[in-house]
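S.K.: Residue strings, one per chain:
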Amino acid sequence: MGRLFAVEIVYRGIFQKTLAKNIGRAIVLAAHHEGKPGITFGRYGDSPERNGIPAKNFAIVATDDVTLEEGMAKYEPKEVDVTISVDDTLCKGVESWAWYGLQPINRLLKPGGALIVTSRESPETIIGMAHQKEHPYRLAIVKGTPSFSGLWVYKDDHSDVRILGAIAKVLPELFTLASVQQAIRDEWNSELKATSAQRSYERTTTITVQPAQGNPEKPFEFQMPKWTEMREGIAIPSIPRGHAMRDPTTGEMGGYQPARNPTFKKFTTRTMRPVVDFDTCIKCTLCWLQCPDSCFDVTPEGLYDANMEACCGCGVCEAVCPVANCVTMVNEAQFTDNASQWEMWRKSKETYQGWLQSKIANRPERSHGFRYRGQYEEQVPEMLEIAQQN
Amino acid sequence: MPEAVVARKGQDPAVPPTAAEKNIAAKGAGEQTSLITGSEAIAVACKLADVDVITAYPIRPYDTVMQYVAKLVSNGELDCEYIVAESEHSQFEIVKHASAVGARVFCGSSGVGWMYAFEALTVTPALRIPMVAMVGNRALDDPGAFGVEHNDALAVRDLGWQLIWVDNAQEALDTALIAYRVAEDRRVFLPCAISCDGAFLTHSQALVKIPSAEKVKAFLPPYDRGDLQLHPDNPITVAPQVNEDWLMEIRRQNAAAMDRSSTVIREAYADFERIFGRHYGNPFFEEYQTDDADVVLVGMGTLSNPVRVAIRQMRQEGKKVGFVRLRWFRPFAAEELAATLGRFRAVGVIDRDFSLGSPYRSGVLATEVRAAMYPAAKRPPVLGFICGLGGREVTVPGVRKMTESVYLAAEGKTQPGTQWIGLRE
Numbered sequence: 092m093g094r095l096f097a098v099e100i101v102y103r104g105i106f107q108k109t110l111a112k113n114i115g116r117a118i119v120l121a122a123h124h125e126g127k128p129g130i131t132f133g134r135y136g137d138s139p140e141r142n143g144i145p146a147k148n149f150a151i152v153a154t155d156d157v158t159l160e161e162g163m164a165k166y167e168p169k170e171v172d173v174t175i176s177v178d179d180t181l182c183k184g185v186e187s188w189a190w191y192g193l194q195p196i197n198r199l200l201k202p203g204g205a206l207i208v209t210s211r212e213s214p215e216t217i218i219g220m221a222h223q224k225e226h227p228y229r230l231a232i233v234k235g236t237p238s239f240s241g242l243w244v245y246k247d248d249h250s251d252v253r254i255l256g257a258i259a260k261v262l263p264e265l266f267t268l269a270s271v272q273q274a275i276r277d278e279w280n281s282e283l284k285a286t287s288a289q290r291s292y293e294r295t296t297t298i299t300v301q302p303a304q305g306n307p308e309k310p311f312e313f314q315m316p317k318w319t320e321m322r323e324g325i326a327i328p329s330i331p332r333g334h335a336m337r338d339p340t341t342g343e344m345g346g347y348q349p350a351r352n353p354t355f356k357k358f359t360t361r362t363m364r365p366v367v368d369f370d371t372c373i374k375c376t377l378c379w380l381q382c383p384d385s386c387f388d389v390t391p392e393g394l395y396d397a398n399m400e401a402c403c404g405c406g407v408c409e410a411v412c413p414v415a416n417c418v419t420m421v422n423e424a425q426f427t428d429n430a431s432q433w434e435m436w437r438k439s440k441e442t443y444q445g446w447l448q449s450k451i452a453n454r455p456e457r458s459h460g461f462r463y464r465g466q467y468e469e470q471v472p473e474m475l476e477i478a479q480q481n
Numbered sequence: 196m197p198e199a200v201v202a203r204k205g206q207d208p209a210v211p212p213t214a215a216e217k218n219i220a221a222k223g224a225g226e227q228t229s230l231i232t233g234s235e236a237i238a239v240a241c242k243l244a245d246v247d248v249i250t251a252y253p254i255r256p257y258d259t260v261m262q263y264v265a266k267l268v269s270n271g272e273l274d275c276e277y278i279v280a281e282s283e284h285s286q287f288e289i290v291k292h293a294s295a296v297g298a299r300v301f302c303g304s305s306g307v308g309w310m311y312a313f314e315a316l317t318v319t320p321a322l323r324i325p326m327v328a329m330v331g332n333r334a335l336d337d338p339g340a341f342g343v344e345h346n347d348a349l350a351v352r353d354l355g356w357q358l359i360w361v362d363n364a365q366e367a368l369d370t371a372l373i374a375y376r377v378a379e380d381r382r383v384f385l386p387c388a389i390s391c392d393g394a395f396l397t398h399s400q401a402l403v404k405i406p407s408a409e410k411v412k413a414f415l416p417p418y419d420r421g422d423l424q425l426h427p428d429n430p431i432t433v434a435p436q437v438n439e440d441w442l443m444e445i446r447r448q449n450a451a452a453m454d455r456s457s458t459v460i461r462e463a464y465a466d467f468e469r470i471f472g473r474h475y476g477n478p479f480f481e482e483y484q485t486d487d488a489d490v491v492l493v494g495m496g497t498l499s500n501p502v503r504v505a506i507r508q509m510r511q512e513g514k515k516v517g518f519v520r521l522r523w524f525r526p527f528a529a530e531e532l533a534a535t536l537g538r539f540r541a542v543g544v545i546d547r548d549f550s551l552g553s554p555y556r557s558g559v560l561a562t563e564v565r566a567a568m569y570p571a572a573k574r575p576p577v578l579g580f581i582c583g584l585g586g587r588e589v590t591v592p593g594v595r596k597m598t599e600s601v602y603l604a605a606e607g608k609t610q611p612g613t614q615w616i617g618l619r620e
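So the sequence lines, in the order shown, correspond to chains A and B. Going by this note's numbering, the final residue of the first sequence carries number 481, and the count climbs one at a time with no gaps. Going by this note's numbering, the final residue of the second sequence carries number 620, and the count climbs one at a time with no gaps.
What the hints contain is simulated information worked out from the structure, not anything from laboratory work. Bear in mind the structure is a predicted one, so any value in this text is a computation, not a measurement. Treat the hints with care, since some could be wrong.
To be verified - To give an idea of the chain B side of the interface with chain A (calculated C-beta under 10 Å), a few residues: (1) 321; (2) 384; (3) 417; (4) 422; (5) 423; (6) 437; (7) 485; (8) 489.
What the hints assert, rightly or not - Far from chain A by the CB rule (all over 12 Å, computed), these chain B residues: (9) 271; (10) 307; (11) 421; (12) 431; (13) 432; (14) 438; (15) 439; (16) 441; (17) 472; (18) 527; (19) 534; (20) 576; (21) 619.
Claimed, not checked - Derived CB-CB ranges, DEER-like: (22) 163/A to 606/B: 25 to 35 Å; (23) 155/A to 606/B: 57 to 67 Å; (24) 229/B to 138/A: 54 to 64 Å.
Beta carbons: idealized from backbone N, C-alpha and C, even for Gly.
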C-alpha cells in the first residue's frame, strides 16, 4: 500500500459551489503532475443548490492506483489530511440535512492534520468557533474576505489559487508549489494566478491547536431510527403547534413561539445574522411575515425576536424593515452564541444598546452573491489587494 | 331466483327448516345470478364494496369497466365520486390522494394508458396506498393493437403492486372483493391490480353469482387508514424528499408489507369461503389434473380455457398432462410453486408476454418460474413458450405442440429454452 491523501473542501451552497469544485480539480491536477492519480467529487447527498447550506467536496489522491481505489468513498472519507473552510463562519459547524446533527468543522481531521480557513478574523476567533478536538491539529488562515459568488458567476479573486498555495505549504507530500503552479497555468492560463499561489505559499504559517482549545460545547447529534421504528408510508408527524413566551423579568406569558423541527436547526447556513433594535421597533410585523424560515418569536409585548437556532441569515428582515437601523445584518463571526436578543434587552436596555451598537459598528460588509451591478468590479480588485498585501 | 327461495319452495312455512336448509340459506342468501362480462363483474364488485372515489379515462378494453360504473352511478345504485380525468396520469394521481385521506378507491387502465400513468403507479405502493385497479390487459403500442398481452401489468412487478390474473367473470368479481380486503389490511396497505385479459374476459358475458351486500359487509371491513390518514386532526407530511440515509429503511418496510401480504391473502380466501361458500383452494395457483401428471403446463389468465381442453384430449390419448394456473404473480408463491412443479418430469411455462433479451429469451413468467425453482430439491427441465401475443388465439393444437416439446424435454432430449407458438414461419 502506498500513501493516501484526502482533502475536504467545506463550502456554502450556490455561493461557493464553483469555487469548491475548482479547488478540488486543481488539487487532483497538481498531484497528477507528480504522477499521483486522484479523483474529486462532491458529496452527492448534499444539496448545494440551497443558498448558504454547508456542503462538501473531496479530493482523494494516492501514490498509486490500487491505493486510490482502497481510499475511494462515495460520500465521505472517514478521515482527511486537510480540511479547507472557504468561509470562516463554517467553523461553527456543519449541518447539511435534517438528522445530520452539528458536525464540527475539524471532525474528519487526522492527528496533526491542517485546517485551512479563508478569513479576516484572528486565529483566536477561528479557534473559538471550532469545536474542541481530541487530538492536536494545525490551523492556517488565508487572509481574505470569503469569496461568495453564484452558480453562473465566478468571482476570479484568486481565492482558489491562494488556497492551493497554502495546501502545498501545509502538506508538501501531496504536491509541491511548482506542481500546483503548473496546474494553475494549465487550467487558467494565468501567470498572475500562479504568482498569487506562490505568494500565499510563502506567507502561509500554521499554529497548532491543542485539545483544550476551542468551543467546549457538545455538538447536537441524532440517532437515526431503525426501519422497524419508523412510521410506514413515508409519513412524518408534523411539528406540533407552538406556545406562549415567558418574559424573563416579569414572568408574564404571552406572544407566540412556533415549535420547530428538532432534527434540523439550519442555523449553520448563516453567514450573517440580524440584530434588532427593540427600542425603535414599530411592531409592523413585516419581518415576522416575510421571514422564509419562521424564525421570529413573538414576544408578550408584541416585539419580534429573531431566534438564532432557526435563522438562516438571509437578510430579508433587514430588507423589509421600514425603520432605519432597526434590523441590521452583522457578520456571524462577531457572535459566540445563539442567545435571545430580546431577553438581553428585557434584562437591561442600556447593556443591550451598548452591545447592539458595538455589533453594528464592527459590522464588516457581508452579502450573499451580488446585490447590485458593478459589485463584482468593486470587490475583485479589493480582494486582490488583500492578497497582495496580506 | 335466489337460491334460498328455491330451497324453501313448496314447503310449508310453518315447518322449521332443517340444519342443511339453514346452511344453504345462509350461503345463498340474497345471491343473484346475472349474465355479465368480466368488466361488468368488476364494476359490480365496486358497487358491493361501496367504493367512494372512482376515476376514469377511456382506453379499450378497460373502458368497459368505467362505462358500467358510470351506469351504476347514473342509476343511483352506487353513491361515489366519479371523476373523468384528463389523462391516465391524473386518473391514478386523483385516487392516490383520495385514498390518502381515507376513501376507498377504484381505478384502472390498459396497455399504454397504464404506462402513461407510470409515475403515479410507482408512488402508489411507495406511499402504501391500498388502491384496487383493474388492468384490462392489452398489447403495448407500437403497433397499436387492442388484443391481450400481459406486458402492461407486468411492468409494475418490481414496485410493490400486488398482481393477480383471473380467468373468468365470477373470479373477477370475487377477486375484486378479496383485493380490497387484502390491500386495505393494515398489515399490507399496498395496491392491487387485477389483470383481466382483453376481449376473452373483459368483453365476454358469463353467468355470475352476485352476492348480497350484507355478506360483502361481513367480509369487507371499512377502510381505516389510521395514523397514515391525511387529516387536519392527524397532521403529517407524506412523501418528503429524503436522501440516502432513509431510502433503504423505507424500501425494507414495504418489502415487509409485501411479505405479510401472503398471510393476509390466505386469511382472506379462507374468510371468503366461509362467508360466501365459494371455494378457491390454494389462493396462489390452481392445479388442473395434476395428481397423476407426468408433465405440466403453467400459465396465467384466460389461456387456461384452450389448455384445459387440450389436456382432456391428450388424456384420452393416454398422455398424463396437467396444468397449473398462476393467480397471484405478486406476491409470488415461489417455494410452494417450486415444490409443486418439482413433482413433474418437465414443466412448460406459457407466456402471453415477452421479455426481449431476458435469460433464455423467455417471457417474464418463465424467467420467474426458473428463478423460483433454482433452490428447490427437484428441478425438472423448464421450457418457455411465447404465444397469444396481441390477442392472437391460443389454440388447442398449439397447446398440444407445446406439450410435445415438454415431453421430449422430460425424456432428456434437448429442446430450445424458448419457443414461439402460433407464429407464421
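S.K.: Now, for every hint given, state plainly whether the structure supports it.
M.R.: Here is what the structure says about each hint:
1. The closest approach between the C-beta of residue 321/B and any C-beta of chain A is roughly 7 Å, which is under the 10 Å cut-off, so the hint is satisfied.
2. A least Cβ separation of about 7 Å between residue 384/B and chain A falls short of the 10 Å threshold, and the interface hint therefore holds.
3. With its C-beta approaching chain A no nearer than about 18 Å, residue 417/B sits outside the 10 Å limit, and its interface hint is violated.
4. With 10 Å as the threshold, the beta carbon of residue 422/B comes within range of chain A, its nearest partner Cβ sitting at about 7 Å, so the hint holds.
5. With 10 Å as the threshold, the beta carbon of residue 423/B comes within range of chain A, its nearest partner Cβ sitting at about 4 Å, so the hint holds.
6. Satisfaction of the interface hint for residue 437/B is found here, the shortest Cβ-Cβ separation to chain A being roughly 8 Å, below the 10 Å cut-off.
7. Interface restraint check for residue 485/B: the shortest CB-CB distance to chain A comes to about 39 Å, outside 10 Å, so the restraint is violated.
8. Residue-level restraint check for residue 489/B is violated (minimum Cβ-Cβ distance to chain A is 46 Å; threshold 10 Å).
9. Interface exclusion of residue 271/B from chain A stands, the closest Cβ pair being 35 Å apart, more than 12 Å.
10. At roughly 28 Å from the closest C-beta of chain A, the C-beta of residue 307/B stays outside 12 Å, upholding its exclusion from the interface.
11. For residue 421/B, the requirement that its beta carbon stay farther than 12 Å from each beta carbon of chain A is not met, with the minimum near 10 Å.
12. Not every C-beta of chain A lies more than 12 Å from that of residue 431/B, the closest at about 5 Å, which undercuts listing it as non-interface.
13. The non-interface label for residue 432/B is inconsistent with chain A: the shortest C-beta to C-beta separation is roughly 5 Å, within 12 Å.
14. Against the 12 Å criterion, residue 438/B falls within the reach of chain A, whose nearest CB is about 5 Å from its own CB.
15. With a minimum CB-CB distance of about 5 Å to chain A, residue 439/B fails to clear the 12 Å threshold, and the non-interface call is violated.
16. Not every beta carbon of chain A lies more than 12 Å from that of residue 441/B, the smallest distance being close to 8 Å; the non-interface claim is violated.
17. Against the 12 Å criterion, residue 472/B stays outside the reach of chain A, whose nearest CB is about 35 Å from its own CB.
18. With a least beta-carbon separation of about 22 Å from chain A, residue 527/B lies farther than 12 Å from that chain, consistent with its non-interface assignment.
19. With 12 Å as the threshold on Cβ separation, the claim that residue 534/B sits away from chain A holds: the shortest Cβ distance comes to roughly 30 Å.
20. Chain A leaves residue 576/B outside its interface by the beta-carbon criterion, the shortest separation being 40 Å against a cut-off of 12 Å.
21. Every beta carbon of chain A lies more than 12 Å from that of residue 619/B, the smallest distance being close to 49 Å; the non-interface claim holds.
22. The hinted range of 25 to 35 Å is not satisfied by residue 163/A and residue 606/B, whose Cβ atoms lie roughly 54 Å apart.
23. The beta-carbon spacing between residue 155/A and residue 606/B, approximately 59 Å, falls within the hinted interval of 57 to 67 Å.
24. The hinted window of 54 to 64 Å between residue 229/B and residue 138/A holds, with their beta carbons roughly 57 Å apart.
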